[in-house]
Amino acid sequence: MAVDQKALGPWACLVACLAVTVVAAAPKRIISLVPNVTEMIYAIGAGSRVVAVSSYDTYPPEVRTLPNVGALLDPNVERILSLKPDLVIVYGSQDDLRRQLGRAGIATFDYRHGGLDAITTTIRSLGTTLGEERAAGALASRIERGLDDIRGRVRGRPRPRTLLVFGRERLSLRGIYASGGTGFLHDMLTAAGGDNVFADVRAESVQASTEQIISRRPDVIVEVRAVNEAFAAGDREAEARVWTALGSVPAVRDGRVSFLFDDRIVIPGPRIVEGTRELARVLHPDAFK
Amino acid sequence: MTLQRRFARTVAAFGALLAVTVVLAPLVGPTSISFRRAFDFSIPFADNADAQIFFIARLPRTLAGAVVGALFASAGVVFQGLLRNPLATPFTLGVSTGAALGAVTAITFNWSIAIAGITAVPLAAFAGSLIAVAIVYALAQARHRGLSTTVLLLAGVTMNAFFSAVILFVQYIASFADTYRTLRWLMGDLDISSYQPLLAALPAALAALAVFAWLARPLNLLALGADSAESRGLEVARAQRAAFFSASLATGAAVSIGGPIGFVGIIIPHLVRLMVGPDHRLVLPAAALFGAAFLVACDLVARTILAPVELPVGIITALIGGPFFLWLLIKKR
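These protein sequence lines map, in sequence, to chains A and B. Each residue of the first sequence is one higher than the last, beginning at 285 in our numbering. Each residue of the second sequence is one higher than the last, beginning at 3 in our numbering.
Simulated from the structure, these hints should not be mistaken for lab results. No experiment lies behind these values; they were computed from the predicted model shown. If a hint is listed, it holds; no wrong ones were tucked in.
A partial selection of chain A residues facing chain B, derived with a Cβ cut-off under 7 Å:
| hint | residue |
| --- | --- |
| 1 | Gly451 |
| 2 | Glu453 |
| 3 | Arg454 |
| 4 | Leu455 |
| 5 | Ser456 |
| 6 | Gln491 |
| 7 | Ser493 |
| 8 | Thr494 |
| 9 | Gln496 |
| 10 | Ile498 |
| 11 | Asp519 |
Which residues of chain A face chain B? A few of them, derived with a C-beta cut under 8 Å, are:
| hint | residue |
| --- | --- |
| 12 | Arg458 |
| 13 | Gly459 |
| 14 | Glu513 |
| 15 | Ala516 |
| 16 | Leu530 |
Backbone N, C-alpha and C define an ideal beta-carbon position, used for all residues, glycine too.
Okay, chain A solo, but in the shape it has when bound (with noise of 0.2 Å):
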């Protein structure tokens, strides 16, 4: 190793023989605290090397009986020391917790949400860093060519102009979250052959008031939401119904508004192709016939 070590001295010799040493082992006790980078583990097979996950997980269902260590806001660093692990998924904005990690020898991971390639991306780290390149670069393949065959199926039809809505109080049109234009649920949108109404504001989530709505016309309208927040069977009928007071909207008029509750859809992890074509299969239903 070409390390001067009378320059730096025994400990930082230590160090640095410590950081080879956590770079050259793969990981054996993983705790994720990102719910949907905890999917890619267990896509690309690392998944029995997780010891601990969010209390936010829920998918694969294995993660269920894991302890878990709290989320974003809440990190419980005791409990996740005391696990002993030798990798900690984190999000991008937990310094406190990276550093706090960082002083106990615990190499982290960062992620932070981005667009659809983000996802693909994250796999891809993610194998160099479990030693699992092959099983990543596979997967993400996969991920590329299944969204690559959607786009195949949707091009050269007419793209509606779609309004992409992932929040709104119930039974009123009131307090409407609709995706901008960046992150995956836009890049989801577009790759299913849909174009964003909203696609011109430079970001993840828009407030859509009602005169956005009536102004931009969208001539679909989707619903999406996870499954835990599905609207309940009986309650879908009068869901729909708040929408007919906007008449002049197109998708309103022709009857295209629909919801999808659907965790594949709202969680950038591996199984973003199967949501993509869910949403591509409400725009183009000819196509995936």
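Knowing the structure of chain A, use the given hints to seat chain B on it.
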């Protein structure tokens, strides 16, 4: 000048300001619409996007701003008079925090109910405000026969802190998306997208304003202190109760429509007093009219300045109201 003439002049001036604001506000927006088409009633309403923008997006919103602004501003006057404290606001006695707890709970637990077209969040907000009022009143009564404004103030401040803690707890157990939505609710929003919330709040609003009209003289007497007021023939306890319940009702109705929009309830009463003097017979109607015009104007800024993105109206009221108030304060000296 006689009081009657001053009253007429004050109401005419502030009324004209409100009328101009309410007529102009719906004409302006982030999108340009054709007013000829909007008012062309030969086109079916369901197909007329211009008419829908005017009558569904802008008009209810403008009216909501006027009603909420009038209620907050006049409730602020009444609370300041009742507590004889210039720092009192409609939120001082815990009414709005109770309402916020109701709304936050409804958002977090995704309550899906609607009574006569009124949905879970405003219903829960109104219910929360009533509960807060009942608790604060019971506390103030228990310590003191009649109403002690000191106990009222202490009970209100304590309930504010307590409800805030419960709100934080509910937010803590909520998902990220719900936490964000509750936070956004707390910043105020007048985009009501139908007339239903206004119609539902109207009985409470009118009842409160009617009591306010009666309260003007009692509040003038209360300003001299409870003992002097009593000696001049005012039934102090009765007047205090009327002030407390009517102002609380107004606040609860306003919060359930637009959320706890700050600053209107403290700044407008003071502004108006600087303009018309301390007589509640002038301050109350002027504050209601001016508060309405002020909030409509703030909401106009909120929905246009960063279009297509909207700013929460509560941010605008504070940003415009704060410096303006300070300027007026300095100028007057």
